[in-house]
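Since the structure of chain Z is already known, use the hints to place chain F on it.
Just so you know, the sequences run in chain order Z and F. Every letter in the first sequence is one number past the one before it in this note's numbering, and letter 197, counting from 1, is 190. Every letter in the second sequence is one number past the one before it in this note's numbering, and letter 232, counting from 1, is 225.
Hints are computed from structural coordinates only; laboratory data are not their basis.
Which copy is meant is left open, so a pair is good if it fits within one copy or across any two.
Lysine-lysine pairs mimicking DSSO-like chemistry, simulated, CA-CA at most 27 angstroms apart: (1) K218 x K198; (2) K198 x K116; (3) K115 x K198; (4) K64 x K113; (5) K113 x K206; (6) K9 x K215; (7) K218 x K9; (8) K117 x K198; (9) K115 x K206; (10) K214 x K64; (11) K111 x K206.
Quick caveat: nothing in here was measured; it's all calculated off a predicted structure.
There are 2 protein chains.
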Amino acid sequence: EILSAIEDYFSTPDEKPLAGVKTLVTAGPTHEALDPVRYIANHSSGKQGYAIAKAMQQLGADVTLVSGPTKLSPPQGVNFISITSAEEMLAACQNAMPSDIAICAAAVADWRVAEPSKQKIKKKNNTEAPTLSFIQNPDILATLSQSGPNRPGLVIGFAAETEHVTENAVSKRERKGCDWILANDVSPATGTFGGDENTLFLIDKNGVNPWHKMTKDAAAKKLSKRIADHLTLNA
Amino acid sequence: EILSAIEDYFSTPDEKPLAGVKTLVTAGPTHEALDPVRYIANHSSGKQGYAIAKAMQQLGADVTLVSGPTKLSPPQGVNFISITSAEEMLAACQNAMPSDIAICAAAVADWRVAEPSKQKIKKKNNTEAPTLSFIQNPDILATLSQSGPNRPGLVIGFAAETEHVTENAVSKRERKGCDWILANDVSPATGTFGGDENTLFLIDKNGVNPWHKMTKDAAAKKLSKRIADHLTLNA
Chain Z
-6 EILSAIEDYF STPDEKPLAG VKTLVTAGPT HEALDPVRYI ANHSSGKQGY
44 AIAKAMQQLG ADVTLVSGPT KLSPPQGVNF ISITSAEEML AACQNAMPSD
94 IAICAAAVAD WRVAEPSKQK IKKKNNTEAP TLSFIQNPDI LATLSQSGPN
144 RPGLVIGFAA ETEHVTENAV SKRERKGCDW ILANDVSPAT GTFGGDENTL
194 FLIDKNGVNP WHKMTKDAAA KKLSKRIADH LTLNA
Chain F
-6 EILSAIEDYF STPDEKPLAG VKTLVTAGPT HEALDPVRYI ANHSSGKQGY
44 AIAKAMQQLG ADVTLVSGPT KLSPPQGVNF ISITSAEEML AACQNAMPSD
94 IAICAAAVAD WRVAEPSKQK IKKKNNTEAP TLSFIQNPDI LATLSQSGPN
144 RPGLVIGFAA ETEHVTENAV SKRERKGCDW ILANDVSPAT GTFGGDENTL
194 FLIDKNGVNP WHKMTKDAAA KKLSKRIADH LTLNA
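The shape of chain Z in the complex, shown without the other chains (with noise of 0.2 angstroms):
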């Protein structure tokens, strides 16, 4: 770390390409409480989303970071908003708009239970099990990538699979409206849940990408470097 803030303190300009850019940057799971007792959760472990908020900030951005509960420490220089469900994490991304570019690298649950019980569920006999009823969670990367004054410059989202992995994600840009998805295969059979490394797809209107197997380290910073090719040419 300090290392690291050696060479921030001499790095010159030109090596902020990304200065001023505001960026927020989801991660991790999220939680979504059953009872007081029991979760849903997901093997996310966040390392990529924070990866790519550090590797944003060193490139000069303003980065907002809003993560679900992971057991990893917030980058330095970032802006560290912690959450547990999906209905907070929207609420902490909306309230970090407008924003110049999104990315969504969270493992947002999908669905939670419609009325989270006040008191824990009690086993009642050998045989019977509670139903529970799942509704659908807010679509952070869907809400962030519709239309309007807010909606930032760019928009990113990931997509964790574990079958058909770029036929899903390239389905998966276009229904939600973002401009590129980072596809990968979370099989565990991978180790990406939790790993160090990452194999990635990147896909954007032109189509597939794919990149080799690198850390999640090296991941993000080829995407903010991406990024920042990206808003050069579009300036």
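Quick look at chain F alone, frame taken from chain Z:
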């Protein structure tokens, strides 16, 4: 840890009243998969169970700690077995039989989905949500409490309640067939889940014995001492 190692070294046999007593301790939550990326969890941190494993070991017991996913490091000197689901915990507990004492401090998920999806469950449109059929998990405390040649001489359960704490726990002790129940209130306002303190009630065949609020370490030592006294009285 060095200090505790020195204390261990200089302790006399009198201070190891549980020497050679084979003890199974369960701790932490279990995670029950919904599909490859989602699971049901609970807010158990494992702190109380780990503290009990350590306190029993320090009184000389031969401790096996079967733990669900936690952020904790296993106490030194215990036989540590890491599991994820309730079914895995039951198998590990049965492997640890015969034992003289079983202390079930884990917050085992009561239910799991009957058939976890092999692939990530996809969101279909803007209104549908999946219906998940839950089935009951094996009841580890009741299983270990069943009479038979392998039944530990002392089986101790926990009851994590958010209302009617002692009433629920008294009825749980009878229903499960265990000898003692330690009951606590885990409502979010109490800070018990994840916190360092606990307010317990020890329930045995004679009734309800309220303990003062104390650290989880202190509660673990009090329980271990009480177990040692019980074994002496019944020797």
